[in-house]
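Participant: The primary structure of each chain is shown beneath.
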Amino acid sequence: MADWSHLPRELLQLIAERLRFTFYLLRFRSVCSSWRSSVSLLPHPLPAKFPVFSNVGTSGHGTFCLSKRTLFLVYPPPSLSLSNSDPHPWLIKIEDVRGQLGLHDPLSRYPIKPLPRDFPRVMDVHDLPVVELGQEYVLNDFSPLNSLEDAGSLYLEKVVFMWLNSKSQEFALLTIHVSGKLALFKSGDKEWTIIPDMPTPYDDVCVFQGQLYAVDGAGRTVVVGLDSSVRLVAEPVFGGDKKFLVESDGQLLLVDKYLSFDYQSLEAYDGFDDDVCFGCEQAVKFKVFRLNEEGKEWVELKSLGDRVVFLGDDCAFSSSASDLFISEGNRIIFRDDYFNDTAKENGLGVFELDDDRISPISDYPGYCKLFWPAPDWLRLPRLRISKSLSTCHILQLLSLSISDLWFM
Amino acid sequence: MSSPVEQITVVSSDGDEFKMTVAAAMQSEQLKQMLTDDSISIVKVPVENISTEILVKVIEYCQKHADHEAATKANGGGASDSEAEELNKWDAEFMKVDVEDKLFHILMAANYLEIKGLFDLACQTVADLIKGKTPKQIRKIFNLKNDFTPEEQERLSRQHNCSFD
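Chains A and B, in that order, are what the protein sequence lines are. Taken in order, the first sequence gives residues 1 to 408; the numbers are from our numbering. Taken in order, the second sequence gives residues 409 to 573; the numbers are from our numbering.
Pulled out of the complex, with its shape left as it was, chain B reads as follows (with noise of 0.2 Å):
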């Protein structure tokens, strides 16, 4: 049996070097699973499809969350209400990013590495910023072209609209 490993190293796409912990890293179902996969030593995990700019984002959210799940074992259990409470309003904070850009890799990359957390919570973000608007406002925020066919739009257009005589 090797001896227990206490750091990874994770390469994003553009070649920068990241260290995490193992607590950190066990929030990803993927990385979990070449942990304790005993046949596989671990050196270095490329993660080709994640940017230096998002593995930062993404190892932060994976620490804060391995931090937030050692004080709650530590306390023999479940998380006081206030704990659940700061650790929503850091979630919160931490989603506070363009739309534009960042949104969107980040709920790609929490897809693709399986952290089930920063998934759901990104999703979540998306259908918050969506609920209650028109869809114009929709396009807008996610720079959507409205790429309808004509009938399409007219079909829609006639549901929407009144023209009566």
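With the rest of the complex left out, here is chain A (with noise of 0.2 Å):
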């Protein structure tokens, strides 16, 4: 029988690196003794202001702050029995922001608030098994201790980080200007740096393989460099009306969103000017793409497979079907305001690769049980309740993955 705890040093550590998430590298230091000794983990705080862009709005002087959301699968205990509950994962994204805690929408800006007064209260986190599926950054131009009151951030671009070198802490951060235009920030840097390179808007940025993506409205998709410099790595596809970039079972896609423009509300505001114009964008129709790396092209993808893909407002990612215990994958989950009609509906939308169709997310109740509300098993009575458990604690609970980076 092979003696796992004696595994050499490096071949921990060349494991350990390969967790990609800090989750699953807080929870490989607590199996045993050699396996916690072999990594350390240096606390790396986000860095925490950032310059305005000096064109923007009113205010030419200011800083941004970044915000860190973690999307997780959170899955009942093993040890619990289940007969009469269903198992199925709970889809969540918890902000840190400075140990202030805060549960998020999973594909919105926002944050759930205020928590229900039946939350249920949550047993020993070490017992869950918790998948990351992935962050969302967010530069929000106040105090971050207000950041959870607000409505949300100004600043409504996508936002991309990366740590450059886990010793040094250097990082790079992408975002979109509001000329469309990429802007690029690394740690040392006093201004943002706005790249010229535009042939049409920007859409959306990435991470992907310890690279920087950038797409634009034509599909046209680039890697940026820390030198500001712009390699081609895919011609423009043309086709929809906004492009996403999502990182898929170790593969880039991307997302093209077809939408129409909903006239029919302008009829209901009688005595309103002409100009003024009502109504909501909703998607129609997605494809899918995967990336030729060597032919620098786009090819489509008639088929997801097992994977499901989310699409939210600061935040793409994905999942297979078997992860998110549901029957099908090969669907798209997006936000759309048009679905916003209903709480049921959460303005979330299903698009089915298979047929084109799309549908609110109430038709399909496997994919509802991901979302709020909480799942039943929380609520089981072997877990230990409290009345004194404020909401604040039950999230430093299920977030104690990140929290626990300051006292390993």
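In case anyone wonders, no lab produced these hints; they're calculated from the structure. Check before you lean on any hint, since a few could be wrong.
[Said to hold, decoys possible] Cβ-Cβ distance ranges computed for the label pairs, FRET-style:
#  : chain 1 : residue 1 : chain 2 : residue 2 : range
1  : B       : Gln415    : A       : Pro199    : 52 to 58 Å
2  : A       : Val284    : B       : Glu468    : 47 to 53 Å
3  : B       : Asn554    : A       : Lys68     : 27 to 33 Å
4  : A       : Gln13     : B       : Glu559    : 21 to 27 Å
5  : A       : Ile194    : B       : Glu468    : 51 to 57 Å
6  : B       : Asp509    : A       : Arg357    : 45 to 51 Å
7  : B       : Glu559    : A       : Val178    : 49 to 55 Å
8  : A       : Arg290    : B       : Asn483    : 20 to 26 Å
9  : A       : Arg9      : B       : Ala492    : 30 to 36 Å
10 : B       : Asp475    : A       : Lys190    : 53 to 59 Å
11 : B       : Glu559    : A       : Tyr258    : 44 to 50 Å
12 : B       : Asp506    : A       : Pro199    : 34 to 40 Å
13 : B       : Leu537    : A       : Gly225    : 33 to 39 Å
14 : A       : Arg357    : B       : Asp475    : 41 to 47 Å
[Claimed, not checked] Below, a sample of chain B positions facing chain A; criterion: calculated Cβ distance under 7 Å:
#  : residue
15 : Phe426
16 : Lys427
17 : Thr429
18 : Glu508
19 : Asp509
20 : Phe512
21 : Val534
22 : Ala535
23 : Lys539
24 : Gly540
25 : Lys541
26 : Thr542
27 : Pro543
28 : Ile546
29 : Asp555
30 : Phe556
Source: prediction; values computed, not measured. C-beta atoms are modelled at their ideal positions from N, C-alpha and C, and glycine is treated no differently.
Hints given; two lone chains; assemble the complex.
Facilitator: Next comes the structure, spelled out in structure tokens:
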């Protein structure tokens, strides 16, 4: 019988490197003493302040604050017998703003406030299998203590963050400037660098395999170097109205969202100026592409197979249908104001690649269960309940992975 | 210059001998260095740390990947997507081994013989077994004991349990 506790230190380190997310690393270090001592964790506080863009709005001076939110799939404890309960996982997004924690709607930028009074208690988090799906970064242009109270940041473009070097705390931030151009900020910079390259305004940015990627409205995709250079990785696809980049199962995918503008609502507003336009954009179709690096092109994917892609306001991530405890994948779950009519729909729609069909998420009970409200297994009687347990403590338990960083 | 070697023989720690084509042997940096060094004439290469059971698996991996490389070269360069996918599927099946024993030894053998592809594959397989699991589950999978001192255990418990009055 092999003795995994005696795996050489260098090998343990190489394995730990492949765990990718800090959360898994923390669990790795909780297994046994030889595994714990093979890998150390350097606390990396997120850089606090960034200068605002100098030409934006009325404020020429001021700073942005960076918030990080992490997406988790939380599963019931393996020790719990669940004969009367559905063991499906719960998809959550947690924000840790200097010790103050907030639970967010996974696909929107808004916190879930207020939390219901009967929000269930959680027992030993140590015993909950957790899969980390990704992170989301948001630039807030006011003090972080307010960020949980307010409706959201005024800065609405996607932001991505990357540590360049695990030891030296060097980082890079990429976002889309209001002009549609890319803006890069590296540790040590005094100002953002606006990258002039822009045949078409940029739609999305992402980090993939340690590099910064950006896609414009036509689908032209580039890699942004730390020297602000831009290297073409795929020619445009044109097609739809909004492009997203998302990683799925180790591959980079392009998701192209086709929108139609709903003019029906105009008729409801008599007496308003002709110039005033009401209505909302509605997603009518999506196309998915995978990257052919050699040919520098996006190749259409007819099916996502077992994968499910999630498109949020500030994040894009994926999971497998089997990890989600759902029978079928090949779907895109997306935020769309069109579906915001009822609380039940949560502003979420589902696109089936099989037949190009869009429906509200309420048509898919299996997917609904992933989101709010919390699943039944969190309320099971075996879990210890304390009346004085504040919601802050509950969230603290769930996101111990993040704050653990400071203690281990 | 000696005549080109077509095959080499490797000897497991159990004393069993196996023939490997040169192409397969070249998957291992260690064996590759021996083969490309004209001053060494190779008869049999003992691999002391590797048992017969594991050596058979390692040779299987090396041969498959050597064949894939040769086929790719014959097609003039890049492997097609379907060929790459087929190899990935083969790798995934290949790594379906018991964790308690084979996976550990394959990892060690790939490290010892410096077979990058197999080493990366084994490391990733281990990492994939860890992701998403609780520490208890990880211990069970890898047959590890919770050997933290009472003080360390107390610290871990305090962080993960709620004990509010």
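Participant: Taking 7 Å as the limit, does the beta-carbon of B/Ile546 come near enough to a beta-carbon in chain A?
Facilitator: holds (5 Å)
Participant: Once the shortest beta carbon distance from B/Phe426 to chain A is found, is it less than 7 Å?
Facilitator: violated (22 Å)
Participant: Is it true that B/Asn554 and A/Lys68 lie within 27 to 33 Å of each other by Cβ?
Facilitator: holds (31 Å)
Participant: Is the interface hint satisfied for B/Ala535? The criterion is a beta-carbon contact with chain A at less than 7 Å.
Facilitator: At about 4 Å, which falls below the 7 Å cut-off, the nearest Cβ of chain A leaves the hint on B/Ala535 intact, so it holds.
Participant: Is the shortest C-beta separation between B/Lys427 and chain A less than 7 Å?
Facilitator: Violated. Min distance 27 Å.
Participant: Given B/Pro543 was flagged as interface, is its beta-carbon under 7 Å from a beta-carbon of chain A?
Facilitator: holds (4 Å)
Participant: Given the range 21 to 27 Å, decide if the beta-carbon distance of A/Gln13 to B/Glu559 lies inside it.
Facilitator: 25 Å Cβ-Cβ, so the 21 to 27 Å window holds.
Participant: So the hint says 52 to 58 Å: do the beta-carbon atoms of B/Gln415 and A/Pro199 match that?
Facilitator: holds (57 Å)
Participant: Given B/Thr542 as an interface hint, is its Cβ closer than 7 Å to any Cβ of chain A?
Facilitator: OK, holds: B/Thr542 within 7 Å of chain A, min 5 Å.
Participant: Return the status of the interface hint for B/Phe512: holds when the least beta-carbon distance to chain A is below 7 Å, violated otherwise.
Facilitator: holds (3 Å)
Participant: Given B/Phe556 was flagged as interface, is its beta-carbon under 7 Å from a beta-carbon of chain A?
Facilitator: Nearest chain A Cβ about 6 Å off; hint holds.
Participant: Do A/Arg9 and B/Ala492 keep their Cβ atoms within the hinted range of 30 to 36 Å?
Facilitator: holds (33 Å)
Of the hints listed earlier, those the structure fails to meet are numbers 11, 12, 15, 16, 17, in rising order.
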